[in-house]
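All chains should be built: construct the whole structure from the sequences, respecting the hints.
So the chains spell out like this:
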Amino acid sequence: MVPVSYYLILSGILFTIGTVGILVRRNALVIFMSIEVMLNAVNLTFLAAGRYLNSLDGQVIVLLVLTVAAAEVAVGLALIVAIFRSRGTTDVDEVNLLKW
Amino acid sequence: MLYQAWIIPILPLLGAATNAFLGARLGKRFVSLVACGTVGLAFWGSAWVFADLTRLPAGERLAMLPMYQWISAGDFQVNFALQVDPLSAVMLLVVSGVSFLIHVYSTGYMAEDRGYARYFTYLNLFVFSMLLLVTANNFLVLYVGWELVGLCSYLLIGFWYERKAAADAGKKAFIVNRVGDLGFALGVMLIFVTFGSLDYQDVFAGAPQMLAVGSVTATTITLLLFVGATGKSAQIPLYVWLPDAMEGPTPVSALIHAATMVTAGVYMVARTHALFELAPFSLSVVATIGAVTAFYAATIALVQADIKRMLAYSTISQLGYMFLAVGVGAYAAGIFHLTTHAFFKALLFLGAGSVMHALGGETNMLKMGGLRLKLPVTYWAFVVGALAISGFPGLSGFFSKDAILWQAFASPRGGIALWAMGLATGALTAFYALRAVFLTFHGESRLTWEAERHVHEPPSSMALPLGLLAALAALGGYLGLPHILGGSDALGSFLAPVFLDQANTALETQAPGNELGLMGLAVLAAFLGMGLAWYFYLARPEAPGALARRLGGLYALLANKYYVDEIYGGLVVQPLVALAHFLGEGFEIAVIDGVVNGVGRTVAASGAWLRRLQTGFVRNYALSIFLGAVIVLGYFLFR
Amino acid sequence: MDFVVPTVDLGSIAPALLVLATALLVLVGELFTAPGRKGALAVLALLGVAGATAKSFLLWGQSETAFGGMVALDNYGLFFGLIFLIALGMTVLLSVRYLDQMDMDHGEYYVLLLLATFGMMLMASGTDLIVIFLGLEILSLSLYVLAGFARTDLRAQEAALKYFLLGAFSSGFLLYGAALTYAATGTTNLARIVGFLAQAGVAGNPLLWIAVGLLMVGFGFKVATVPFQMWVPDVYQGAPTPVTAFMSVGAKAAGFAGFLRVFLYAFPALSVDWTWLLAALAVLTMTLGNVVAIAQGDIKRMLAYSSIAHAGYLLVAMASNSQAGVSAVLFYLVAYAFTNLGAFAVVVYLARQGQEALELSDYAGLGSRAPLVALAMTTFMVSLAGVPPTAGFVAKFYLFGAAVEAGLVWLAVIGVLNSVISAYYYLRLIVIMYMREPSALLALAESTVGAIFKI
Amino acid sequence: MNQLGFPLLSAIVYLPLAGAAAVLAVDGRNPALVKATAFLFSSLTLLASLPLYLFFQADTAAMQFVEKVPWVESLGINYQMGIDGISLWLVLLTTFLSAIAILSSWSAITTRAKEYYAVMLVLETGMIGVFVATDLFLFYVFWEAMLIPMYLLIGIWGGPSRIYAAVKFFLYTMAGGVLMLVGILALYFINHAVTGVYTFDLLELRKLNLDFWAQLWLFLAFSVAFAIKVPMFPFHTWLPDAHVEAPTAGSVLLAGVLLKMGTYGFVRFSLPLFPAAARELSSIIAALAIIGIVYGALVSLVQEDVKKLVAYSSVSHLGFVMLGLFAFNSQGVQGGILQMINHGLSTGALFLIVGMLYERRHTRMIADFGGLWKAIPLFSMALLVVSLASIGLPGLNGFVGEFLILVGAFRHDWLWAAFGATGVILSAVYMLWMLQRMVFGELKSQQNQGLRDLSAREVLVLAPIIVLIFLIGVYPWPFLKPMEASTQALLAEVKSKGQVLVLDGIQAEGIPMARQDLYR
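Chains as they are written, first to last, in the numbering used here: chain Y, 1 to 100; chain W, 1 to 639; chain A, 1 to 455; chain F, 1 to 520.
Rather than coming from a laboratory, the hints here were simulated on the basis of the structure.
Glycine residues also receive a C-beta, built at the ideal position from the N, C-alpha and C atoms.
A portion of the hints provided could be inaccurate.
Claimed, not checked - In silico lysine to any residue, SDA-like type, Cα no more than 20 Å apart, as pairs:
1. Lys-164/W to Ala-375/F
2. Lys-28/W to Met-365/F
3. Lys-164/W to Arg-112/F
4. Lys-481/F to Gln-77/W
5. Lys-374/F to Arg-163/W
6. Lys-481/F to Lys-28/W
7. Lys-561/W to Asp-168/W
As the list claims (entries may be wrong) - Okay, the calculated bits of chain F under chain A, using three or more residues with CB under 8 Å as the criterion:
8. 256-267
9. 385-397
To be verified - Going by beta-carbon spacing under 10 Å, a handful of chain Y positions derived as facing chain W:
10. Ile-17
11. Leu-23
12. Arg-26
13. Leu-29
14. Arg-87
15. Leu-98
Dropping the structure here:
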């Protein structure tokens, strides 16, 4: 039996990877993927905790989170497509009209 | 009339108000009628009051006239109240009398001036203020009169406001007087704090009980009051305004800067003698300042070419005499000299005014000469005045000056030194008085041809006051004819109740021979001065120049009035102005404004700088969130 | 394992459901309205707002929980609901002409607004971290789209993208916080968290602390506290003005609804620690918002920074961690809603044919061109600055009162000094309107007052 | 409580506001109508305020004409107004000067006259409200609310750098005000902690006996607001700018009334609420007051702009007022209050006169004038009289106030009086020098020769002030008498209170309690 803390640590690492991905990558799509990694790290936490607590709540929540993530994908991709159409790039560093 | 005496000061006030509002519309005749009329009535009232007082027993010659509740704040309760007693009565007479004569004189002197109504408004206002000053029943009313005469002096010195010198002189007079007034006001405050009242009666009655002789409080109060007196009465160190004040019309100089206002300090010291008696140190300060001023101013007068300035220094010197008198406890003698001085100095000024009138405003004696034939009336009047001030035996100045010298010598507060300075001053006085006569009226005419043609005797409105004042200057001395010459010292005994508590008993113990002997010395000194004047200015007209060259340094010192104006300028005025410039143009902008604007600018600048953090790069924003999260988590984990 | 079917009490979220139903109706109605006639949908939306508002008043005073304790019907939620409805109603009113003028009159706009409001209301009445998260996501997703509603406008696209990326990023934090809370306490239900924390000796669990910190980051993003505020200026500037107005009021209020509910209700046991952090964040937020607002030349951006500053003020009240603090926040939000919406309303009102009066200099001379509009704007600015006798003053009075009562005098002092800084840029607009000559650009001829301004 | 049975104070406060509405309602194209309406309402207010004096009971220190209506009961906020001997004259001064100021604007204001008069009237409401409010919340509302109309007045109708001046004025005074707000709140909660009652009622709060350190901090919080308003050195930087840039009427009200709010605040709030702190800090405040007296006078001396000169002279004069107030005796306090009135009259008149000159000549530089007496004697006469009043010449109003203040200061510490009195000399210096350069001397400039003298309306504006200047100087008793009872009560309060330390264990954060033993 793998202790729950392993799962939590793993999810923490995943979450951090997602975060760092957002900070270091310039492609909007990759950033977007990193966010998905973060959400999945959270999902892992829920699942592990639910399993550990012997509660179904965790799994139910994961389903909800997946739904939300799906919705985010829809909106996010649409936005990125719109940006790509008008600017021909998905490099977020070139999306820089609004500042100061 | 005694208890209606408040009408006396009110009359000129009404005159002033009438002329102020209606004068410009109603013409010169009306103005002069109102102005002279009200002052004449005031004189008549004063005489009436005087008569009423003499009818009362000597101990009961005091009438108090509370008028209305004036200022009240907590236990500070001051009424607007007047009083009449022998001292006030004498002052009333002198002030209203001389004022009346000078008003009449002014109707001639100022006849052509376009500010006629304004002039008489100020003049009447002055008479009101001066009468208020001498009839005040408490220190605050005294102070009001004190300041108001200063105001009138300011207005009248600067009467010809278009002349910068006149406006400057007025301002200087007011400000220097304010310096003195500051001391006076502090003295009044200390009186209130000490006695809980400002009424003369409370203060004078309470003083001996509440303050020990020589106590610090008494000394402080009196010295502060005396600071006021040095300002108003032009004594060292605050005399500097008076010579400049000659920029005013000459009748004003006669009235305010010779006969009345400047003597307010003497009156005040006499009035508050009950306090001064408790402060021997203050008295000796008064006497010393008086004697030194008398001598000092006389030396300056020796070399003045401007007749009015010469008279101004003479006034300072004579006022010094009066302070010498009151400083040695000879209050009655001081008042006596005040009175005679009012006569002869007013006479001298009016005489000088006549000369100026005749010469179209010329005041430089070096440009006159030989006028005695052309202006006989003026000449004789001026001669009487000059002899009186010189102490020519039998004329008024002789008696009053002699009374002072004698008491300065004999009084326990006096001494040889004070007397000697007085005596020397007497010689100097005789010298410069006669010098003025000789330079102006004798010798060759140094007039321009143009001026010569216009010389004319003054109109009767001016000549009449001259004559009357000449009579008074000649005969005024008999008011206080000393016992030793068979007189009764009428003035002294009339004033005695006021100064009763300070009967100078020591004098009685002196041998009568001393008094006569000293009198002789004084006469000798006067004649010495006159003789020297004759020698220098009639017999050897080239001598003064030679002497001036021989004693170049001394002459320059005197001619430049010991450089006192320059010293004050360098020590007080310029540093103050420099400080003001520094504060107003440097400190105010750099520090006071700078700090506030600096805060504003800093905020704005940090705004402009901080907005740069908003780079527009979304990854930087994410980084910010990430760092924030790290900090928040760090706080929670390591709290 | 027993499976208990939770009681479904739709009545307790009736106002939210009404909004949702309206959204669906408008969505359907969109199909049947010709282009250019979309104003009818606005009327429909307004009807929904009115209905929800009425329902909220009817429910006022009731107190119950529903959906197995995941949602609560209480005055707190209803009050926030009313704020959202006000924001929604006014935004709809503002939008009709604006959409027309800006040529983006699509019915989905109203649907998204309604859905966002639904999310907000869910957030305010949720008593379970997951419900709050769901509400937040509904709200956010709608707003992402709304922010980029001007599809062809580069700035709007950029705003939407930034908002989206950062929003998703931060909701990851929030969700992770919820997950760790779940891991630490075994529940995501606020009431049960309270119960769990009431036990002795659990407060030291680092997992719980990390959870609290992550939740704070997540909510901090929504309400825009420093250093999670970076998105605000860009998004506010880029989004269509009515959407900005809606965000600045509704989204912020919703953020605070969740923030307050979670922290003051669920985590008071830990308050000693988080109040200090909040106080520190409050200082940073107020100061940065106000100081940078001074340097702005674009009115929307200025108002964005101003809204950051206002979040800081609200944090002051929240840091007092008291009933008075909560009341102060509620009152403040109402006052803020009206004034801020009013200010944006003026901006919207001045928009003409694809042109907006966005530069501060565009307002020069407004005082003589349109005195009443200028007067209204003056009132809003004065109120935002918190000068009596305006609502903004009373709100600040409550707010700083709460802080002083809680002993945070220093925080109140910093707060009031900040309101002085803020007065500078609010006043500057007044200066421009009244004391400067009009610029040629927007020398509008007419000065009639068409829109409804609330004072 | 209320001797009239009629909410007179409210009527006085809101009458101008109604006037503002009326002004906005009338046809703006008819300027005469606008002016007449504004003047009508301001003079109605003046008339309505006269009964305050007529029915005033001078023998009691209690609040009179009291109105008290619960406003926000849950917070203990009352709509509560009342006046006593301290505020009576300030209210009258406000109504008086407002009417004068409106009358004086007749020809000076040509742009946006309608808005101008409305703003003036709103300002009047705010000013009166400050003086009559006896509930701290209400007071604060008026206090801050009044900033806006003044801000607009300076900013819209002011001189060239009006915006800078207006913003500086607003922000600086607001900065002080908000600190007071924190102070008010702290006081409110401390009071609740001690008594269990939530109230903003000044009269209730005055019963509170605070611990010294609490008093100190609260005193500072309140006093910063007041000191900025006074303005005391070194908080005066807003004043010259605001004065110089404001339109004449604005300057008149600024100098005449607004500055008095600061000193009034000290008497009404700082002294009775925190007497121990006030006593403890009195020497510092007196020192600042004296510095202000001398500093203001010296800076006035070097001003080129006559309006700025008058502005700095206000710093000096208000220094006198503060000196009197912190002498803690009836002479000082009564003198201080009277001097507030005096300063309102004489400085108000000076600003009016300068404004009249500016209207004619469009310059205020002293160097541009000279010899005015010859061209416009009536004008010059008025300037002379008012200047003399300002430098405290006996027989005019300034003397009575200044002298009482100095007596009071002397009683407290003779050095105060000695240093303070140097201001009397310096005031003569700068005023007379100004007179000399403007009124006296040669009439050089061509432009000055053609000036016209005062018009009938201008005489009407100045005459009432000058009459009062004389009246107070000659017969100040009726002005001093009504303040007597209130002053005595105030002094008794200041002297007796603050000896006992309450606040058992009550601790407001940020108020350090540890060092209270130092004071015992």
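These are the hints, each one checked on the structure:
no., hint, verdict
1, Lys-164/W to Ala-375/F, "holds (17 Å)"
2, Lys-28/W to Met-365/F, "violated (37 Å)"
3, Lys-164/W to Arg-112/F, "violated (44 Å)"
4, Lys-481/F to Gln-77/W, "holds (11 Å)"
5, Lys-374/F to Arg-163/W, "holds (12 Å)"
6, Lys-481/F to Lys-28/W, "violated (44 Å)"
7, Lys-561/W to Asp-168/W, "holds (18 Å)"
8, 256-267, "violated (count 0)"
9, 385-397, "violated (count 0)"
10, Ile-17, "violated (13 Å)"
11, Leu-23, "holds (6 Å)"
12, Arg-26, "holds (7 Å)"
13, Leu-29, "violated (14 Å)"
14, Arg-87, "violated (14 Å)"
15, Leu-98, "holds (6 Å)"
Hints 2, 3, 6, 8, 9, 10, 13, 14 from the list above are not met by this structure, while the remaining hints are.
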